[in-house]
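With the sequences and hints as input, model every part of the structure.
Going letter by letter, the sequence shown gives residues 1 to 181 in full-length UniProt numbering.
One should not assume that every hint holds.
Each computed DSSO-like pair below joins lysine-lysine, with the alpha-carbon atoms no more than 27 Å apart [as the list claims (entries may be wrong)]: (1) Lys128 / Lys144; (2) Lys117 / Lys93; (3) Lys128 / Lys99; (4) Lys139 / Lys128; (5) Lys101 / Lys117; (6) Lys117 / Lys139; (7) Lys93 / Lys144.
Source of the hints: derived by calculation from the structure; they are not laboratory data.
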Amino acid sequence: MIMKSLHTFFFLFLLEWTSAFIPVLAGVREFPVPPSAPNRLFYIQRSNNTNTVIYEANLTAGRRLDASDPVSVYWIRYAEQGQRESLSMIQWKLAYGYKHKTANNNSFEIYLNAFKKRTIWVDMQQGKPMALTTINGRKACLQKVFVQLESGSGLMPKVLYVELFGIDPVAGNPVYERMRV
Numbered sequence: 001m002i003m004k005s006l007h008t009f010f011f012l013f014l015l016e017w018t019s020a021f022i023p024v025l026a027g028v029r030e031f032p033v034p035p036s037a038p039n040r041l042f043y044i045q046r047s048n049n050t051n052t053v054i055y056e057a058n059l060t061a062g063r064r065l066d067a068s069d070p071v072s073v074y075w076i077r078y079a080e081q082g083q084r085e086s087l088s089m090i091q092w093k094l095a096y097g098y099k100h101k102t103a104n105n106n107s108f109e110i111y112l113n114a115f116k117k118r119t120i121w122v123d124m125q126q127g128k129p130m131a132l133t134t135i136n137g138r139k140a141c142l143q144k145v146f147v148q149l150e151s152g153s154g155l156m157p158k159v160l161y162v163e164l165f166g167i168d169p170v171a172g173n174p175v176y177e178r179m180r181v
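Structure follows, in structure tokens:
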């Protein structure tokens, strides 16, 4: 009898505990992973839709980073028909564009317009372009950025937090950081 009561209590506790999370889980959806590309550096996704901003190394015919425009930035409009689309001038200036300066021979420091605090170093390593940044206090190869927006925050959405996903270039382990903004 005691065992049956404990099972019932545990079941009711679990039911009550999980029901508190059902509204949160209902909002979770799968985000598409862009197809791999040889010059892909990283991409940004936001919670308001599945459209994805892609950052790719802009290489010359000699497989060097283009000094005047080292990174190509564009949308994949998954929420529409999956088409590739250029950023608007406003999107470039206020959010997804970047400024850059030469760090050394064919290596660049990139500063995203919406997040100038974190330097991204774009470099060629073993013939492959890479975007390196600091993630959770460690240098890492940046792979993905996820931006959680406050729902219903209008034309100038409020950012609740930003998640950085990368790979430790030496150990090969995943590296993660969530930053409150």
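Verification of the hints:
1. About 17 Å separates the Cα atoms of Lys128 and Lys144, which keeps this hinted pair within 27 Å; it holds.
2. Using a Cα cut-off of 27 Å, the hinted pair Lys117 and Lys93 holds, with the two alpha carbons roughly 16 Å apart.
3. A hinted pair counts as satisfied when its Cα atoms are at most 27 Å apart, and Lys128 with Lys99 qualifies at roughly 22 Å.
4. Taking the CA atoms of Lys139 and Lys128, the gap is about 17 Å. The hint holds against a cut of 27 Å.
5. Simply put, Lys101 and Lys117 have alpha-carbon atoms about 15 Å apart, close enough for the 27 Å limit, and the pair holds.
6. Between Lys117 and Lys139, the direct Cα distance comes to roughly 15 Å. Compliance with the 27 Å bound is thereby established for this hinted pair.
7. The suggested pairing of Lys93 with Lys144 holds, with an alpha-carbon distance near 21 Å, which does not exceed 27 Å.
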